[in-house]
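Engineer: The listed protein sequences correspond, in order, to chains Z and D. Counting from 1, one number per residue, gives the positions in the first sequence under the working numbering. Counting from 1, one number per residue, gives the positions in the second sequence under the working numbering.
Note that these hints are calculated values from the structure, not bench results. Where hints are given, some of them may not hold.
Which copy is meant is left open, because identical chains are indistinguishable; a pair holds if it fits in one copy or across any two.
Unchecked claim - The calculated DSBU-like cross-link candidates involving lysine-lysine, where the alpha carbons are at most 30 Å apart (straight line), are: (1) K27 <-> K142; (2) K176 <-> K202; (3) K57 <-> K142; (4) K27 <-> K7; (5) K29 <-> K92; (6) K57 <-> K177; (7) K7 <-> K177; (8) K57 <-> K202; (9) K29 <-> K176; (10) K7 <-> K176; (11) K177 <-> K202; (12) K57 <-> K29; (13) K57 <-> K92; (14) K202 <-> K92; (15) K92 <-> K27.
This one's a predicted model, so the numbers in the text were calculated from it and none came from an experiment.
Protein chains: 2
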Amino acid sequence: MTEAAGKDIVTAAVLVIGDEILSGRTKDKNIGFIADLLTAIGIQLKEVRIVPDEEDKIVSALNALRAAFDYVFTTGGIGPTHDDITADAIAKAFGVTIDVDPRAVAIMAPHYAARGLEFTPARMRMARIPAGAELVENAVSKAPGFMLGNVVVMAGVPNIMQAMMQAVSPRLATGKKMQSVAITVRRPESEIAELFGDVQAKFPTVPMGSYPFSDEQGYGANLVLRSTDPEQLDLARQALLASLDASGIPV
Amino acid sequence: MTEAAGKDIVTAAVLVIGDEILSGRTKDKNIGFIADLLTAIGIQLKEVRIVPDEEDKIVSALNALRAAFDYVFTTGGIGPTHDDITADAIAKAFGVTIDVDPRAVAIMAPHYAARGLEFTPARMRMARIPAGAELVENAVSKAPGFMLGNVVVMAGVPNIMQAMMQAVSPRLATGKKMQSVAITVRRPESEIAELFGDVQAKFPTVPMGSYPFSDEQGYGANLVLRSTDPEQLDLARQALLASLDASGIPV
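Just chain Z, same shape as in the assembly:
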């Protein structure tokens, strides 16, 4: 874990606990949401891993990622059934104990009582939180996520994950926001590759990527420029537009 507060660049990884994604039966909807939200608040997502619901795989991926990035966000595996092993795996990775947490019980008990539901052992399982963790509110169905060190542990169900992500965001240290501009050209990218590389060479601090597509109008590419410095970004954008114009390529 690195200390994120006060840094210009704050980084993150996502760890998806995902037998169901790896089998193809469910298509992930969480990575894109987290990527968008982190970019918007000034955290750079630098790696994503999807691993099976197996304790050793979760522990080793988590320990690699939490050492390399300022934050790690996990999704999946914190429900009431036997296959939900994420909280235990997180505790193991940190070498801390895990037990039913009175703060979680205090949130969940009234929710069940109000619905005439028993606080069964299965539901109690969702109140198990590693020692030293802070809870992350679940506005949808109450059973909380948690944050331990630099690791944020969230549900896999998209609307619950989204609520947890919104709840935890204000607590995160953020850096300069990565801004981007996109210029769409309606030419095969091989026709703009040379001039695009030349413009990149003039602005080494503004990473530029070309993302090709094809549609009913033919081949095209989105040329995406990124920087945390709005002035450099605009200069690079103007240079690219001028270069495209000089080559007779409309945008």
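Chain Z is fixed; fit chain D onto it per the hints.
Structural biologist: Just chain D, lined up with the frame of chain Z:
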């Protein structure tokens, strides 16, 4: 690299070269397609990583994954622009040279000639293939992917990636197919957790997962059972159905 031929269980990883996915600007559509196709042909997808378009990140992820799994499938970064560095990174990871490949030129040259297009240096860049690799056909836009050792290198544009995946599939060693059955219950998963865990304990070779959802009818869960042994799978399914019935839970 492990030798996949003749094994009962053949495993794979996916490596997405993906600044554009990590920024959130583009949502990945390739992981789900590859997961479905591999499951269908009898290869088990065991890990996915998304890394930035940076050579050292690609090399280290690739070397970790190709040592751990029978196959690695990469997507992205094999186009004509300066940010397309995947082929060079693969060559570096394997410690082999990379150069314009006459086999790739022979495929691409007639394609450009027929369209009155020059075979420019940018297009020639897409013909650069690491030494020792076999080409993977691109039925969409000709510039080929390739397979080096146990690593299959494909484009990131979904329709081109899909064409390459279809082209390479017949060359892959496959194992027993993982089959699955899903039973949908319209109860919160906390109400089936105990009986579900009991059934899992009776069938340790049939991994069972519960995937909750909520819709306008309320909470529910998809109970998914998996096995490469159809007989065990059916026995487990019958046991689960009997247990749900005994608890008065309709399916």
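Engineer: One pair to classify: K176 and K202, alpha carbons no more than 30 Å apart. Within, between, both, or neither?
Structural biologist: The answer is within: 23 Å in one copy meets 30 Å, while 53 Å across copies does not.
Engineer: Within, between, both or neither: how does the pair K57, K142 come out at a Cα-Cα threshold of 30 Å?
Structural biologist: Within one copy only: 28 Å inside a chain, 38 Å across chains, cut-off 30 Å.
Engineer: How would you classify K27 and K142 at a CA-CA limit of 30 Å: within, between, both, or neither?
Structural biologist: both (25 Å within a copy, 29 Å between copies)
Engineer: How would you label the pair K57, K92 (within, between, both, or neither) given a Cα cut-off of 30 Å?
Structural biologist: both (12 Å within a copy, 27 Å between copies)
Engineer: Please work out whether the CA atoms of K202 and K92 approach to 30 Å or closer within one copy, between two copies, in both situations, or in neither?
Structural biologist: between (48 Å within a copy, 26 Å between copies)
Engineer: Using 30 Å as the alpha-carbon threshold, which applies to K57 and K29: within, between, both, or neither?
Structural biologist: both (22 Å within a copy, 24 Å between copies)
Engineer: Could you place K7 and K177 in one of the four classes (within, between, both, neither) given a Cα distance threshold of 30 Å?
Structural biologist: within (12 Å within a copy, 48 Å between copies)
Engineer: Measure nothing new, just compare the shortest in-copy and cross-copy C-alpha distances for K29 and K176 to 30 Å and report within, between, both or neither.
Structural biologist: Answer is both; intra-copy 26 Å and inter-copy 29 Å each pass.
Engineer: Up to 30 Å between alpha-carbons, please classify K57 paired with K202: within, between, both or neither.
Structural biologist: between (43 Å within a copy, 24 Å between copies)
Engineer: Tell me, please, which holds for K92 and K27 at an alpha-carbon limit of 30 Å: within, between, both or neither?
Structural biologist: The answer is within: 28 Å in one copy meets 30 Å, while 32 Å across copies does not.
Engineer: Are the CA atoms of K7 and K176 at most 30 Å apart within a copy, between copies, both, or neither?
Structural biologist: Result: close within a single copy only, 8 Å intra versus 50 Å inter.
Engineer: Regarding K27 and K7, is the shortest C-alpha distance of 30 Å or less found within a copy, between copies, in both, or in neither?
Structural biologist: between (34 Å within a copy, 28 Å between copies)
In summary, the structure agrees with every hint in the numbered list given earlier.
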